[in-house]
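Chains A and B supply the protein sequences, listed in that same order. In terms of my numbering, the first sequence opens at residue 103 and continues consecutively. In terms of my numbering, the second sequence opens at residue 943 and continues consecutively.
Just so you know, the hints here were simulated from the structure itself, not pulled from any lab data. Please note that the accuracy of each hint is not assured.
Unchecked claim - Have a look at the derived ranges for each label pair, beta carbon to beta carbon:
id, chain 1, residue 1, chain 2, residue 2, range
1, B, His1010, A, Ala217, 42 to 52 Å
2, B, His964, A, Leu409, 53 to 63 Å
3, A, Pro268, B, Thr1002, 43 to 53 Å
4, A, Pro344, B, Leu994, 29 to 39 Å
5, B, Pro961, A, Leu366, 39 to 49 Å
6, B, Arg987, A, Gln434, 31 to 41 Å
7, A, Leu409, B, Trp967, 53 to 63 Å
8, A, Ile332, B, Pro1011, 45 to 55 Å
9, B, His964, A, Trp402, 44 to 54 Å
10, A, Gln232, B, Lys973, 36 to 46 Å
11, B, Gly948, A, Gly137, 17 to 27 Å
12, A, Arg357, B, Arg946, 18 to 28 Å
13, A, Asp488, B, Arg987, 21 to 31 Å
14, A, Arg357, B, Ile956, 42 to 52 Å
Claimed, not checked - Output of the computed footprint for chain A on chain B, the stretches with three or more beta carbons under 8 Å from beta carbons of chain A:
id, region
15, 972-984
16, 990-999
No experiment lies behind these values; they were computed from the predicted model shown. Beta carbons: idealized from backbone N, C-alpha and C, even for Gly.
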Amino acid sequence: MIQRTILHADMNAFFAAVEQQNNPALRGQPVAVIGSAARTVITTCSYEARAFGVRTGMAVWQARQACPRLQLVVGDNRKYTWTSRQIVELMRQFTPLVEVFSIDEAFLDVTGSLALFGSAERIAYLLKAQIRHHFGLTCSVGIAPNKLLAKLASEMHKPDGLTVIPPDKIAAVLEGTPIKDLCGIGAKTARRLNLYGIETCGQLGRFPLEILRQRFGIVGEHLSRMGRGIDDTPVVPSAGAPEVKSVGHSTTLPRDISARPEMLKILLQLAEMVGRRARRHGVMGRTVTLSVRLADFDTWLDRQATLAAPIDQSQEIYRQAVAILDSLTLEQPVRLLGVRLSNLSHGSRQLPLFGDAPRKTQLVQAMDAVNNRHGDFTVTYASLIDVPKKGSHVISPAWRPDGIRQVDVG
Amino acid sequence: MLQRIGEAVRVGVIHGPGPSIHPVWFDWQRKQIRIAEVTYHWRNRVGEALLLHYTVTDGTALYELVYHPLRLLWVLEHLDADTP
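Use the sequences and the hints to build the structure in full.
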């Protein structure tokens, strides 16, 4: 089997670094990017802010307490998604095998490009130089024989690092590496492993496989392989990615709400976003899921309805979501609402023939045509006219630069 | 603090080489503002329209200029006068 060479590139404090480039007065300053919503938290922050203990997810008041000089910038998602797309294009100069992992991270399989560019280190330096030249941004790059180790390597030196884990050094590197540093081992799994005296990857790799299987089921074997630095998963570019299983949108509300009419407005907006994206990419779904998060933060309600035939029209999605909402007893105000369409069929559309269905379809097609030309929500439902900021305003972890996961965020 | 302006403005621009656009000055409030640096640029699609955003500074304030190619229009979108 050919030894693979994988790069993992991780943009350093991406949103904050873009803002520092955008506004020279912010360069070298502690900067935190926040959302535009009333009850926002720190989305990300510059390394200067991190030095004061400011962290992603902190409440703004906590961050200000940690760093009184902190400069807050309301994030501009369009800037970040465009920059991310351009960086992915730069990566594709070196290999077509680029897998976007999130808006600021990607894997590159450069195994087939080594003869062309000389070495993986040279590719990494060229990529870093180009990103710095075009955008003034830095990234940390990890080079290793697989994705698991490349990601681990990129985390080792930040910001602006380049770390190589060669095949003959894997065991030595993993021996003392804490298990929580491996991508895929979260805090909960790490705590469970700690109960067996497993603190490092070396210990995990040597731990009896049978016991891991007994305690963790099918995941046990995977954990053992992770401990030994084994990962065969390929780098999958967007064109080869498996078809999505669902299309969904959710929104954290500016304030907790209890009134049904307010919830309906949100649901209609979410249903339109889901329907638009489904129709644009030729998918229909039979299952509609409504997600509700209540004010106490802890209560999540996920309820679904499965229909006889697949749908893609926003109004039908909305009707199902409302029916689910009406079946729930909400004992607290609502903090978050989400609508998802799943059980998808791709590219199979049955033309409506009976009743008023053909006219409804034509109406939706006419609305879509106008919105495709002039932008989302240019033509929309009358009940949404007085909603000031329609559409998506948060970059989801599932965001990708192209395909059905590409969402225009405002 | 970012202030929304949203006014059409006259802009002096160098086109090229190639498809690049480089704003050099713009008129606003009866003054010609010389652009010292284009600090960042990005693009944003609204429907079929591709909008070209440029953040620029004259050394005293930060401005966001937006070019609408379909309408051949420049707009001063935002001003951040607190920026030194």
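>> Going through the numbered hints above, which ones does this structure break? Give me the numbers in ascending order.
In response: Failing hints: none at all.
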